[in-house]
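Asks: Sequence:
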Amino acid sequence: MKFRSKLSTIATLGLLAFSASSCSDFLDPTPQVSVDRNDVFTDAAGARGAIVGVYGALTSADYLGLYYPLLADLAADNLAHTGTFPQLAQVKTRNIISDNVTLTNVYYAIYRAINRANNVIANVPNVTGLSDAEKNSIIAEALFIRAYCHFDVTRFWGDAALSLTPTSTPDNSLFVSRSTKEQVYAQVIADLTQALPNLPDTGTGRATKSAAQALIARVQLYAGKWKEAETAADLIISSNRFQLTPSYATNFTSENSTESILEVQFDANTQSQFAFFNLPTANGGRNEVNPIGPGSTLTTSYETGDTRRNATISDGTTIISNRAVVAGTGIKYKDPGTGTDNYKMFRFAEILLIGAEAKAQLQDITGSLALLNRVRTRAGLPIIAATGLNQAGLLAAIAQERRIELALEGHRWFDLVRTNQAQTVLGIADPTRLLFPIPLREIQNNPNMKQNTGY
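For the sequence shown, this note's numbering assigns the number 1 to the initial residue and increments by one for each residue that follows.
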């Protein structure tokens, strides 16, 4: 069934809920310009369709279908810009202007997802035909997505506008001021805490208790709350619901593996763009970005014998569509034709590394190494011994492991910034470049929106 939007309104702060032109339109197979949201949340089918639409907002190429994770590797040292898009060239050189179209669209896409979630949270309680348990479950999923999106805003832009109520008309309620990053983190944790009891234990492609715990672990790591990050990671590890796949490459040759905690689902109808942007023209891509080229040092960052290298950066023998992938190209994403590569929101390997980092910060060297070495062993590397290893050396080893394990999955820039290494590693003289500019459109439309320093 093709889903079409029943909510089409205007957006000033990027808070539009359900755009009729969205690539993830949903709910009604009959084309419509707009239908009042009161017509959407009238029955069980409407409510169920609405939460599908919230997930649909994540699949936009302007969000988790391409640009958000791509920018995090491109702004750092994992990807070179080898294509022609000037807005991506700005990101690579970190000389971004505030009317950059790509960043404007990413910002908008995130807030569109937030507002869809807000509509579900606000309206599902009044829907007839749903049991209380199902209502609570749908609301919990929307809370999870709202939390995920708000956190993502802080990672590129720092302090963020908290949007907690649905918007559909152009009034002063859209003039939201930015909250501090710490306030946003607090709201994210509050949303996840509220959602947790009503999320299912298991599921594919939708929020679960483990996905919520994974997000808590990630947020608390960024916040420097080591004990809270450790606790959340340990809960997932001790649940035994997930395990590392025997082969690292299996995570990317198959979808929703035993290592997958949550993936954004793509298929021939809802396509991701990762392979198209990463692969060369000989393999059906546009070669817009590549791990080989100016500004990327990924290819030389692997230890000898690391099996993740050829599963991440082609050695020229991997076959896609009966053609060997050109050596040096990124190959985690393999389907440029129909875009069926899922986006890995959370993998178990990341949780092991979060636990390792939190334990290292808490001076639990033995516990940290146990988790770190699980990841290294799977990659075919020798374990790191505790003998002669201090906290600084262990944290450096974990940072290196995160770079390699999570390469081309949208973590590198954020890891360098949160650990205060970005300026040194990337040679950034101006610290204001560690945040992206708030899109000019948002500044012009909202008198309460303040620009980041330096832009």
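Some clues are possibly wrong.
Stated by the list, open to error - Taking CB as the label site, the calculated pair distances span:
| no. | residue 1 | residue 2 | range |
| --- | --- | --- | --- |
| 1 | Gln-391 | Thr-281 | 19 to 29 Å |
| 2 | Ile-319 | Gly-129 | 26 to 36 Å |
| 3 | Ala-429 | Arg-241 | 39 to 49 Å |
| 4 | Ile-428 | Leu-164 | 32 to 42 Å |
| 5 | Asp-132 | Asp-315 | 23 to 33 Å |
| 6 | Thr-204 | Thr-128 | 22 to 32 Å |
| 7 | Pro-246 | Tyr-455 | 40 to 50 Å |
What the hints assert, rightly or not - In the SDA-like style, the derived pairs of lysine to any residue whose C-alpha atoms are separated by at most 25 Å in a straight line are:
| no. | residue 1 | residue 2 |
| --- | --- | --- |
| 8 | Lys-334 | Thr-102 |
| 9 | Lys-227 | Gln-183 |
| 10 | Lys-450 | Leu-174 |
| 11 | Lys-135 | Arg-48 |
| 12 | Lys-181 | Asn-100 |
| 13 | Lys-450 | Arg-433 |
If you are wondering where the hints come from, they were derived from the structure by calculation, not from laboratory data. Just so we're clear, the structure is a prediction, and the values are computed from it rather than from any experiment. Every residue, glycine too, gets a C-beta built ideally from N, C-alpha and C.
Asks: Each of the hints needs a verdict: does it hold here or not?
Replies: Verification of the hints:
Taking 19 to 29 Å as the suggested C-beta distance range, the pair Gln-391 and Thr-281 does not conform, at roughly 47 Å. Taking 26 to 36 Å as the suggested C-beta distance range, the pair Ile-319 and Gly-129 does not conform, at roughly 50 Å. Against the hinted window of 39 to 49 Å, the Cβ-Cβ separation of Ala-429 and Arg-241 comes to about 45 Å, which satisfies the hint. For the hinted restraint 32 to 42 Å between Ile-428 and Leu-164, the CB-CB distance of approximately 34 Å keeps it satisfied.
At about 55 Å, the beta-carbon gap between Asp-132 and Asp-315 misses the expected band of 23 to 33 Å. At roughly 29 Å, the beta carbons of Thr-204 and Thr-128 sit within the given window of 22 to 32 Å. At about 47 Å, the CB distance of Pro-246 to Tyr-455 agrees with the hint of 40 to 50 Å. With a C-alpha separation of about 23 Å, the suggested pairing of Lys-334 with Thr-102 holds against the 25 Å cut-off.
For the given pair, Lys-227 sits about 19 Å from Gln-183 by alpha-carbon distance, which is consistent with the 25 Å threshold. For the hint pairing Lys-450 with Leu-174, the CA-to-CA distance comes to about 14 Å; that is within 25 Å, so the pair holds. Distance hint between Lys-135 and Arg-48 is fulfilled; the C-alpha atoms sit about 9 Å from each other, no more than 25 Å. Between Lys-181 and Asn-100 the alpha-carbon distance is near 23 Å, which keeps this suggested pair within the 25 Å criterion.
This hinted pair checks out: Lys-450 and Arg-433 have alpha carbons roughly 16 Å apart, not beyond 25 Å.
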